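Residue-level listing of the chains:
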Amino acid sequence: DSGVTQTPKHLITATGQRVTLRCSPRSGDLSVYWYQQSLDQGLQFLIQYYNGEERAKGNILERFSAQQFPDLHSELNLSSLELGDSALYFCASSVDRTSVDEQFFGPGTRLTVL
Amino acid sequence: GESVGLHLPTLSVQEGDNSIINCAYSNSASDYFIWYKQESGKGPQFIIDIRSNMDKRQGQRVTVLLNKTVKHLSLQIAATQPGDSAVYFCAEEYSNNAGNMLTFGGGTRLMVKP
Chain A
29 DSGVTQTPKH LITATGQRVT LRCSPRSGDL SVYWYQQSLD QGLQFLIQYY
79 NGEERAKGNI LERFSAQQFP DLHSELNLSS LELGDSALYF CASSVDRTSV
129 DEQFFGPGTR LTVL
Chain B
185 GESVGLHLPT LSVQEGDNSI INCAYSNSAS DYFIWYKQES GKGPQFIIDI
235 RSNMDKRQGQ RVTVLLNKTV KHLSLQIAAT QPGDSAVYFC AEEYSNNAGN
285 MLTFGGGTRL MVKP
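The listed protein sequences correspond, in order, to chains A and B. The opening position of the first sequence corresponds to residue 29 in my numbering, with each subsequent residue numbered one higher. The opening position of the second sequence corresponds to residue 185 in my numbering, with each subsequent residue numbered one higher.
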């Protein structure tokens, strides 16, 4: 158990819908990262938040957004869902923002868009 | 459930043999490298890391080798066990004022035959 929690574990929805994925980082970790893992593209970095502020952006679509709240939990919002958005979405956390250190991954949310 | 890409290179080894998984990284500015293990239906799990000022690091049954000249990373697993069966990802990380950027390789599936 990494100490990172994600809910829900599974999510099934229809095209065009909007969903929210939730992540709670390890106690004491200030940085939260979101990743998408699809069958054909592996693990792709989406976005990083540090202490409530966006810090780095990766391959995140404009239909996707995220935020980190004062209690440091984070939410990833996916809107106008398409079939190709079906994937595993992982959240990871680490202690710091700029020092290179280990990221701890949550168990993931499996999103299925029908 | 299936959690990673279908078209991964696969390494098949006999139980008790040593395994070597290779990875080529892309960014010469990367200063931290991590090997992750991902079992089916789970998030990536940290195995071992190495910083760019080192060329070898040993853990329990695992060794990581870093060759910065050719941007190559390898993971050696001694006395491979059935529980080692998983997909292994290398990841390179560099940090700047914007945050930590972690880029994953495509993954290698390790299958251990009893």
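A few of these clues could be false.
Unchecked claim - Part of the chain B face toward chain A, derived, beta carbon under 7 Å:
| no. | residue |
| --- | --- |
| 1 | Pro-228 |
| 2 | Ile-232 |
| 3 | Phe-288 |
| 4 | Gly-290 |
Unchecked claim - Straight line, CA to CA, 27 Å or less: simulated DSSO-like cross-link-like pairs of lysine-lysine:
| no. | chain 1 | residue 1 | chain 2 | residue 2 |
| --- | --- | --- | --- | --- |
| 5 | B | Lys-226 | A | Lys-85 |
| 6 | B | Lys-226 | A | Lys-37 |
| 7 | B | Lys-240 | B | Lys-252 |
| 8 | B | Lys-297 | B | Lys-226 |
| 9 | B | Lys-255 | B | Lys-240 |
| 10 | A | Lys-85 | A | Lys-37 |
| 11 | A | Lys-85 | B | Lys-297 |
Keep in mind the hints are simulated off the structure, nothing from the lab. Owing to the predicted nature of the structure, the values given are computational and were not obtained by experimental measurement. For glycine and all other residues, C-beta sits at the position ideal for the given N, C-alpha and C.
Which hints from the list above does the structure break, by number from lowest to highest?
-> Per hint list: 2, 11 violated.
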